[in-house]
Every structure is written in structure tokens, then in C-alpha cells.
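*Asks:* Residue numbers (the working numbering), protein chains in the order written: chain A, 1 to 760; chain B, 1001 to 1284.
Just to be clear, a hint being listed does not mean it is correct.
[Said to hold, decoys possible] Ranges between beta-carbon positions, derived for each pair: (1) B/Glu1148 to A/Glu417: 48 to 54 Å; (2) B/Lys1005 to A/Thr428: 48 to 54 Å; (3) B/Arg1102 to A/Asp160: 57 to 63 Å; (4) B/Lys1005 to A/Lys118: 22 to 28 Å; (5) A/Asn26 to B/Gln1143: 50 to 56 Å.
[As the list claims (entries may be wrong)] Here are some, though not all, of the chain B residues that point toward chain A, as calculated from beta-carbon distances under 10 Å: (6) Gln1181; (7) Arg1185; (8) Ala1190; (9) Arg1193; (10) Met1194; (11) Thr1238; (12) Leu1241; (13) Glu1244; (14) Asn1259; (15) Ser1262; (16) Ile1264; (17) Ala1269; (18) Leu1273; (19) Phe1274; (20) Val1282.
[Stated by the list, open to error] Pairs of lysine to aspartate or glutamate residues, derived as EDC-like cross-links and limited to a Cα-Cα distance of at most 20 Å, are as follows: (21) A/Lys759 to B/Glu1244; (22) B/Lys1043 to A/Glu757; (23) A/Lys678 to B/Glu1188; (24) B/Lys1059 to B/Asp1021; (25) B/Lys1187 to A/Asp679; (26) B/Lys1043 to A/Glu166; (27) B/Lys1139 to B/Glu1244; (28) A/Lys633 to B/Glu1188; (29) A/Lys118 to A/Asp55; (30) B/Lys1267 to A/Glu757; (31) A/Lys387 to A/Glu697; (32) B/Lys1187 to A/Glu690; (33) B/Lys1040 to A/Glu166; (34) A/Lys296 to A/Glu379; (35) B/Lys1046 to A/Glu111; (36) A/Lys118 to A/Glu270; (37) A/Lys294 to A/Glu166; (38) A/Lys20 to A/Asp55; (39) B/Lys1040 to A/Glu111; (40) B/Lys1040 to A/Glu269.
Think of the hints as simulated: they come from the structure by calculation, not from any bench.
Here a beta-carbon is modelled for each residue, glycine too, at the ideal position from N, C-alpha and C.
The chain contents come next:
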Amino acid sequence: MKSEYNSIGKNIQRRDIVEKLTGQANFCADIALKDALSLKVLRSSRHHAVIDKIDVSDALKIPGVVNVFTAADIPGKNLMGIINKDQPLLAHDKVRSLADPVALVAAQTDEIARQAIKVINVTYTDLEPIFDIEAALAPGAPKIHKKGNTLFTRRIKKGDAGTAFETCHTIIEKKYMTHAVEHNYIEPDAGAGYVDEDGTLVIYASTQNPHYDHKEVQGFLGLKDDQVRIIQAATGGGFGSKLDLNVQGFIGLALYHLKQPVRYVYTREESYLATAKRHPFTIHMKTGADKNGKLKAIHIRAYCNTGAYGSYGIAVASRSAVHGTGPYEIDHVDIECACIYTNQPFCGAMRGFGAPQMAFAHESQMDLLAKKLGMDPMEIRMLNGFKKGSINGTGQQLIDSVGYPECLEKIMPYYEEALTNWVTEKTTPFTKRGIGIGGMWYGIGNTGVQNPSTARIELDQNGRVILYTGCADIGQGSSTILTQVAGEVLGIAPEAIQLVVGDTKFTTNAGATSASRQTYISGNAVKDAAEQLARVLLTEGANKLKVSKTALSFGDHSLQIAGHPERSVAFDWLAKRIHEKGVSLSWQGYFDPETIPLDLETGQGSPYATYAFACHLALVEVDVLTGQVSVKKIVAAHDVGRAIHPENVIGQICGGVAMGVGFALMEAFEFGKTLSMKDYHIPTCADMPEVIPIIVESVEPTGPFGAKGVGEPALIPTAPAILNAVSHALGKRLYSLPADLESVLQASIDSGHFGPEEKM
Amino acid sequence: MADFKYIRPDNLPEALDFLWDNGQDTAIIAGGTDVMIDVKSGKLDKKYLLDISRLDELKGIELNGRDLCVGSGVTLSEIYTSALLASNALALQKSAVNFAARQIRNIATIGGNVAHSSPCGDTVPSLLLHDAIALVADKKGIQHIPMEQMATSAYMSSLTPQQIIVKFILTPYQDGYADFQKIGRRKELAISRMSMAAFVKKDSTGRISFLKLALGACTPVPCSMGAVEAFLTGKVPTRELLWEAGGLLAERMIEITGNRSSTIYKKPAVQGLFMRILFPMVGS
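Excised from the complex, chain A in its bound form (with noise of 0.2 Å):
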């Protein structure tokens, strides 16, 4: 089939993949600057207390130590956060975890600023700690924040589900736990900075929001706008942990203070330690049916433990309620989640906001009831899916791109095949084989706040276009998709377009790369620019070639009379001519989703523009004697609006997979216990099932070229797959996750499937 778009659609290569294949992609630890000073931060030794003292006086003595910093020293306001600001660069009145940094040491090397942060003396009085939310929510209990310890509360009402639950047939009510999860991206934190000519402060990092970034720092120090520089280096992967300032603030700090270089590079356990995780969840959720299986209501009471810090729990918990009645269609919402302070190391963003952890309750509840009914779990979904028309619980009528029905139709021949053949089949002694589904939705974008992004296209003399972004290309592909936006819209290849990526001196604000937003907003932002561009060219081709703009269209880096090429004008002569006409060859791009904020009180409003939709379908083995499980196959559909870059969407379902094979099976950490890679598993290219991709495009009209977001919801549908697969192979439900060796062998026990004989 041809294709209507020469760049969309088309698997091209990708802008960096030479430079990483070869090994020379820049990532911070490779910045070599000269006599650069190595950082270290002292970490707080105590759970929950009042910092009395702090003596860097013995650590100075300490030959090779350059400075200590602390709190004192941060000349402006020692306060981060970007959803809401609790978190200080360094500790000043109190610690609230065992990842507080309390200060920051600067020395000729690593192994000197090691030594020193040993000697730093700082005197606590200790304060009661709290690990967990029955302990943090109970009357009396020790306050971690002036402002107490709930941070925040989203509530989603609609209609009225108290006395809908009276009239459902069927009623399922049960309580899910997911644990926290560390991202473990292969390239840990690190950043390098140095002071440039003219003063500014420059500093490189490993980030996923480079503007915000930027402005954080000048916060900390009160410098002015152009007096720091943020350039994102090559980026190791991030998940969602390196949307916070993990070194940039104390890389500043030294620039500020030493006006020499100065380097940061976070060892693995570091890197555990002192960053973000994904929040661990308790969900009470309540679910009723009628006779038919329709859905009716849902009550839902949920918490998520975001440790000693908001960071991105506000938007965790705000996420989480408005996904908890999954992509289903409900009349009656009763919708609370919060999100509670305890003096664990704080939490934030991972991949997917909180939806991943309420997937998990809201597919469990669905196949519950499609048991208790009598119903095939595909059945339920099919009746209860969202389609076009639909209103989801926020009140948000769901208009176009509802791709969940053929997510679901596209599984289906697999379901069966597998239920028929494969579940049947027989295997070796002792292993049960078990299918099942997830399903899932995922707002693309910020929730009901305003998330715009910008961008900037330029003709040079010479008609060359460079595009510059400010969205953080954290090896998902943003750059190559936005060259594609670019491309399709003024007729050139996008290998052609120079980038300038993530300098906050050359680009403007493209928003964080969260939320799977960037395909979706960024690319409209550079596709608004890039038409503006468009724009101009064509009224100067219409003067040159003296047709009406409408009988032109672009070439190679030119515009033609359609239908003939040799009547063309080339970028360069336009450009020349723009230029002398004194109209600008440099034009900005801007694109905010259209989205009505949350009522604090109901929850209703339009929180995002656009949905993007998924299914995946698992197969399991479970080995009934020892509790192992291997999956054996995902089959994975996702409605991606437009798949701009094809290979690119399917890396990133392949990726989503390994990562809910993950969350599924045996990720779990342990706050304290949990140091390095050596106590923490993630899958291993031995631990993934195939996966089979499939790629649903029900366009999005206001996304570019049709396009949505594929991101997080690679992720969300896995874990729910695999243990609706492990409950159909055991006919004994997990509660909590990971489903580990000791829960699934537990499960096994329990149902009677542990012992000399092999129950069918």
C-alpha cells in the first residue's frame, strides 16, 4: 500500500544510533574538562531528624578537599519540586530520610571526596520515624512537613455508586499492594558543568526536562536567566527518575561557589539510593455488575507512599484516580486516592504514574467478575470498553481515537488460538499454562493542568532547516520523530534538518519527556512551526513562480509547480528573498492539549486531550512445585494513533514488556536492604517471552499526523496479563505484587496443585 506521506510511517534510521553503536555518544561521565573536581554528597545517617550541628572542619583539613558545602551556603531559595516545592538541595533544618543529602564535598577526585564525606561530623537529635501510611495517617502521628503528612488527595465522583452498589448482581471487593520499583536505567545520574567565559554557569546533564532543569538551578543560586546553561549530554535512559534534579542542583552549587569545573557521577548504589522510585500502592477497589456484566460502579480508596518528598506524587495519585475505573465505561464513580509522607526515601515519577499499579487492581477486578458472572474475561471487557462516545469517569466524553474495541478485536484470534490449543496442550509434569488479559488507557500529557510545548524552525541563507527542541531525547527516539513531523511538512527528508536538542541557550521549553507527551505535543509544536515556516515560503514561491500558492508544492528543498518539477524555487534563493523582504526565517511553534482542569471536590473535568489504548494477551507457565514462572508469550495491541516511526513504536512495546515482566514477577525494593544491582532483579534477555507487536491506529485528529503516544502504555498491561494468566493456570488469585517465587508457590499450595499428583 502507499503510503500518503513521504516521512511518516516510515522506519528511518534513528538521529543517534551511529553515535551509541560506536561508542561516541558523549554521556556526562564521558565529559572530559579539565581539572574537573569530583562531587560527593554526604548522605543523612538517620531516618527522621533535627539536624543541631554540622562540622565540615576535619573534612576540610583533608588534603585534595577543595569546599564543603551546606544548606548555608545555597545563596537562593533551597527549595525543588516541580509539581510542589518540599524537597531542599541540601538538608537545613531537618532530615526526613536516609537519602537527604546534608552536604556536599568538592575535591581533586572521587577517592578524596569519599574520604571526606567519612569525616564530616553532623550531631541529630532524632525524631520517630514513620515507614508506612497506617502509621503516617494515625492520630497524633509525628508530622515530616509543616503542612502534615498527606500531601495530596484526588477524588473522582460521579453520579452516585453508594446506591448504585445496591442494585449490581454482582459485587467484587478486594484489596491489591504493589511494591516499589527502582527504574534502573542503564546509565546511573551524573552531570559536569564549568564556568564559560562571559560567567555563565554550564552544565551538562543526564535529564528528561532540561528547561526545568534550568530554571531550578537559577532558583537555588538567584541567578539570572542567561546565567545558566543546561545542556542535556547523552542520555542513558530515565523511566521517569531523571525528571528530578538528581545532580544539576549540586553541580551549580560547586560552579557558583569554585568557578572551576567540576564533575558528578553517581555510583550504582548511589543512583539506588538517592533517587526517585516508583510508588508502592494499597488500593481498596470495589466493583459492581450487573446480571449482564455491564459495569455500574466503582468505589475506589487508595494510597501511595511517596516517602520523605512530593517530587511527582501529585501527579502520581491525580493519574491513578482518574485511571482506577480502567478503560471502562461506569456510571457511578467514588474515586480517592492520596498521597501520603513517610520518612522512606521519596518517590516519583516511573513510567506510567501510578496507572501501572491501578491496571493491576482494575483487570484483577474484571476477570473476578467475569468468573463470578460466568463470563469470558474478553467478553467483559468488549461490553464494558470504552468506545467513541463514551464518558469516562471525569465526566470527559471520549470523541475520537478510542482504539480500546479493536485493541481487543486484534487480541482476540490469539486468545482463542491460545485458550483452544495452546492452554490444553500437554506439557511436562508439574507445569500449568494460564492465559489472560490486560487492558488499559493512558491520558497522553500532563493531568488537567496546562503542558504546552514549543519549538523553533529556521532557514538558514543557504535553505538548510534546522529545527531546535527543547524535548529531551532520553533514548525513546523523540528527535527522529520530530525530524519526520518536520520533514512531511515542508517536503524534505528528515536525515536533512540539523537538530539543536536540549540547550536551554538555544532552545525553548518543550515540557519534560513524561506522560508519553512528547510525540503528541512536541510534535505538534514543531509541526505548527514548521507550517508557519511553510507559510512564508510559499507566498514568496508564488510570487517567484507567479502561480497561486495552492498549485505549489514542496520538492527537495524546493517548491514546484505540481505536476511540474521543473518549474521549481529552491530554500536557498526563497530564503535570500524572505530575508531581504525583512520577514523572518525563524519560526516559533507552540501547542498546548486542550484539557479542563479536575474540580477539586469531583474530579470532573477533561484532564487530557487524548487516550492512547492497549491489550496485551500473556502466556504463563507456572511450574506448580517450586512457584517459577516463565512467560512464554505477550501479545501486545496498542492504539497509537499514528505510528510515525513504526520499528520505534515496537521497541518501545518491547521494552514495556520487559519492564512488566518486571513489575509483574520479581521487582521489589526493599528501602534499606535493597543497595545495588547484586539484591535487585530485573529481567534478563532469558526472562523475556516473545512478544508480538501489533500496531492499531485509530487517528487522533489533533494529534500530528494522527499521532498519540506509545511510552508508558507499552508497560501498563503486562503485569495485569501475566497475573490474570498466573490466576487462570493456579485458579488462585494473587493480590500483591511481584507475584515472587514464595507468593506463587504459596498460591500453588493453597489451590491444591502442590503434591505427587497433578491436578487438572
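Let chain A serve as the given structure and place chain B on it in line with the hints.
*Replies:* Just chain B now, with coordinates in the frame of chain A:
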């Protein structure tokens, strides 16, 4: 990084000479997959690092009459690909299948795995199964140490600082059923939570005529399970009998370890893993 001097002798006598004088201050490195972790963390407090990875005297797998000899410097990858081991020590060969990950298998050695004395060393149960004897050398001579005596407790080897394991001498098992399996938190690159090696022979009447069984990662030092061997020998293996034997194995394990928090899982899992390994003996 730890501060030490790196030494690479050309042959075994040179290595033994060096150890005779400096053994106390020396860490021996073969594949390095355990030592390098201590080097990086700064825990290695030795003056010297003696690299024995290229000593020819520690290489090779060969069958000399009734002695199956495996050099201590043989890598896990070499064990995995050895046809000689596949036909004479299948359980040992299988213990190399999922040992750590491929990169580690390519450099980690069997001698290092044994000398490290981790309770979870994956080659140890199979060596116990084959009544392996370690041939251990120092400057003054050779000593033969049975596998049971190689480790005194978790991470404590019985080797003196002057000694190097040269090779292991195994009793080869040809016709019979052999297996090694392990349980980890993921399929590769996971420390064994439990491992088990077994060798079984049945006579013409279907009775178990010979059984060897060894358990790893459950006790401070991997151990043979004589009580279970005695219980099953001479009997026709049925599902119920194997299940009972698995229960006995779990009891034996708890006798050694006492009840720990991990026992809740390990007790049934030992029984289950035993069943899974021995089940092919039922019927056929």
C-alpha cells in the same frame, strides 16, 4: 579501588613459590568474577593479586581410566561445551547451563567457584555427586581433599593461603539418569535460591539400585543427602514414594539450618524440586 600489586606467574611452581612467601598477603584471581567485586568495593585488603588464569597446569578435562579430571582453571563455558562431561558427568555439565550469564561463564572457573565457598556455588552439588576429590598443591607437595571438606562454613574454604586447587578428580557416571536444576529469582544472572544434583540408576526390576543426591544453596555448605539416598535405594520409585523422600529431604535440610524466615518457601520448594528432578524415574 583497592591498592595492590598485580602478579602473573608463568607456571604453577612459580605461583606456588610466590604463595609460599606471600600467601597471607595475597588474593588469588582466576576468572575474577568474585574477586573483582571486592576489588571494586575496596573490601580486598591484600597486597598482591596473583593471577592464575593462564596457568596451563590448571587447564583441561580428561578421562584417565576411572578418574575424570577437571582442571581448576576450566571455565564454565568449557564445562558447558565438553562432550566428555556430557557423557560422564551430565549433572556437572548441566550446572553450567544457567550459571550466572554468558559473559561470566566465559571467564569464571570451576576452581574459583569451589574456592569461593559460597553456599550457592552452582558447581558444588554436582562435584559432591561425583565424589570429587580436589587435588590441592602448595610448594611442599600435593594434598587430596574430598569435596565435603573443601568448605568449613559459608565463604570459608579449608585451603591454606599457600594452596592452589589444581584439579578435581571425579568418579564418572555413564549409564544412568543425571540432572541438575536450580531455582533463582530470574532465569539467568541470579544467585541460586536452591540447587540440586542427582544421579540415579535402576536395576532390571525397576528398583533404584544407586542414588546420589546433593543439595546446594540451602545449607551453609552444599551437602550430600545420605539419608534420602538410603531411603530410596532398593525401592521402586512411585509418585508417592518420591514425594515422601522429598519431604524427608526437607526435614534433613531443616535439621541443619533450623527454621528461618526463608524456610516457609524452602521447605516445600525442596520437596517440589526433588519431585521435579526425580519424576522421570517414575514408571519407565
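*Asks:* Each hint needs a verdict: does it hold in this structure or not?
*Replies:* Okay, the hints, checked on the actual structure:
In this structure the supplied range 48 to 54 Å holds for B/Glu1148 paired with A/Glu417, their Cβ-Cβ distance being about 52 Å. Take B/Lys1005 and A/Thr428: their Cβ atoms lie about 52 Å apart, and the range 48 to 54 Å holds. Against the hinted window of 57 to 63 Å, the Cβ-Cβ separation of B/Arg1102 and A/Asp160 comes to about 60 Å, which satisfies the hint. The hinted range of 22 to 28 Å is satisfied by B/Lys1005 and A/Lys118, whose Cβ atoms lie roughly 26 Å apart.
In this structure the supplied range 50 to 56 Å holds for A/Asn26 paired with B/Gln1143, their Cβ-Cβ distance being about 54 Å. The beta carbon of B/Gln1181 comes within 9 Å of a beta carbon in chain A, closer than 10 Å, and the hint placing it at the interface holds. Using the Cβ-Cβ criterion of 10 Å, the hint placing B/Arg1185 at the interface with chain A is satisfied: the shortest such distance is roughly 5 Å. For B/Ala1190, the interface hint holds, the least distance from its beta-carbon to any beta-carbon of chain A being 6 Å, beneath 10 Å.
Because the closest C-beta pair between B/Arg1193 and chain A is about 7 Å apart, less than 10 Å, the hint holds. Hint status for B/Met1194: holds, given a least beta-carbon distance of 8 Å to chain A, under 10 Å. Below 10 Å, beta-carbon pairs count as interface contacts, and B/Thr1238 has one with chain A at about 8 Å; its hint therefore holds. Interface restraint check for B/Leu1241: the shortest CB-CB distance to chain A comes to about 9 Å, inside 10 Å, so the restraint holds.
Because the beta carbon of B/Glu1244 sits about 8 Å from the nearest beta carbon in chain A, less than 10 Å, this interface hint is met. At its closest, the beta carbon of B/Asn1259 sits 15 Å from a beta carbon of chain A; the interface hint therefore is violated under the 10 Å criterion. At a threshold of 10 Å, the smallest CB-CB gap from B/Ser1262 to chain A is about 9 Å, leaving the interface hint in force. This hint holds: B/Ile1264 has a C-beta 7 Å from the nearest C-beta of chain A, less than the 10 Å allowed.
A distance limit of 10 Å between C-beta atoms decides the matter here; for B/Ala1269 the minimum to chain A is near 5 Å, and the interface restraint holds. Given hint, B/Leu1273 at the interface with chain A, holds; its Cβ is 6 Å from that chain's nearest Cβ, closer than 10 Å. Annotation: B/Phe1274 was flagged as interfacial toward chain A, and the flag holds, the nearest CB pair being 9 Å apart, inside 10 Å. For B/Val1282, the suggested interface contact is upheld, since its CB lies about 9 Å from the closest CB of chain A, less than 10 Å.
A C-alpha spacing of about 18 Å is found between A/Lys759 and B/Glu1244, which places the hinted pair at or below 20 Å, so the restraint holds. Restraint check: the Cα-Cα separation between B/Lys1043 and A/Glu757 comes to about 50 Å, which exceeds 20 Å; the hinted pair is violated. Between A/Lys678 and B/Glu1188 the alpha-carbon distance is near 12 Å, which keeps this suggested pair within the 20 Å criterion. For a cut-off of 20 Å, the pair hint linking B/Lys1059 to B/Asp1021 is broken: about 25 Å separates their Cα positions.
For the suggested pair B/Lys1187 and A/Asp679, the alpha carbons sit about 15 Å apart, so the restraint of at most 20 Å is met. With a C-alpha separation of about 65 Å, the suggested pairing of B/Lys1043 with A/Glu166 is violated against the 20 Å cut-off. Distance hint between B/Lys1139 and B/Glu1244 is unfulfilled; the C-alpha atoms sit about 49 Å from each other, more than 20 Å. For a cut-off of 20 Å, the pair hint linking A/Lys633 to B/Glu1188 stands: about 18 Å separates their Cα positions.
At roughly 12 Å between alpha-carbon atoms, A/Lys118 and A/Asp55 fall within 20 Å of each other, so this suggested pair holds. With a CA separation close to 18 Å, the supplied pair B/Lys1267 and A/Glu757 stays within the 20 Å bound. The suggested pairing of A/Lys387 with A/Glu697 holds, with an alpha-carbon distance near 14 Å, which does not exceed 20 Å. A C-alpha spacing of about 15 Å is found between B/Lys1187 and A/Glu690, which places the hinted pair at or below 20 Å, so the restraint holds.
About 63 Å separates the Cα atoms of B/Lys1040 and A/Glu166, which puts this hinted pair outside 20 Å; it is violated. Simply put, A/Lys296 and A/Glu379 have alpha-carbon atoms about 16 Å apart, close enough for the 20 Å limit, and the pair holds. Proposed proximity of B/Lys1046 and A/Glu111 is supported: the alpha carbons are some 19 Å apart, at most 20 Å. For the suggested pair A/Lys118 and A/Glu270, the alpha carbons sit about 15 Å apart, so the restraint of at most 20 Å is met.
Among the hinted pairs, A/Lys294 with A/Glu166 is consistent with the structure: their alpha-carbon atoms are about 15 Å apart, no more than 20 Å. The suggested pairing of A/Lys20 with A/Asp55 is violated, with an alpha-carbon distance near 44 Å, which exceeds 20 Å. At most 20 Å may separate the alpha-carbon atoms for a hinted pair to count; B/Lys1040 and A/Glu111 meet this at roughly 12 Å. With a CA separation close to 12 Å, the supplied pair B/Lys1040 and A/Glu269 stays within the 20 Å bound.
Violated hints for the displayed structure, listed by number in ascending order: 14, 22, 24, 26, 27, 33, 38.
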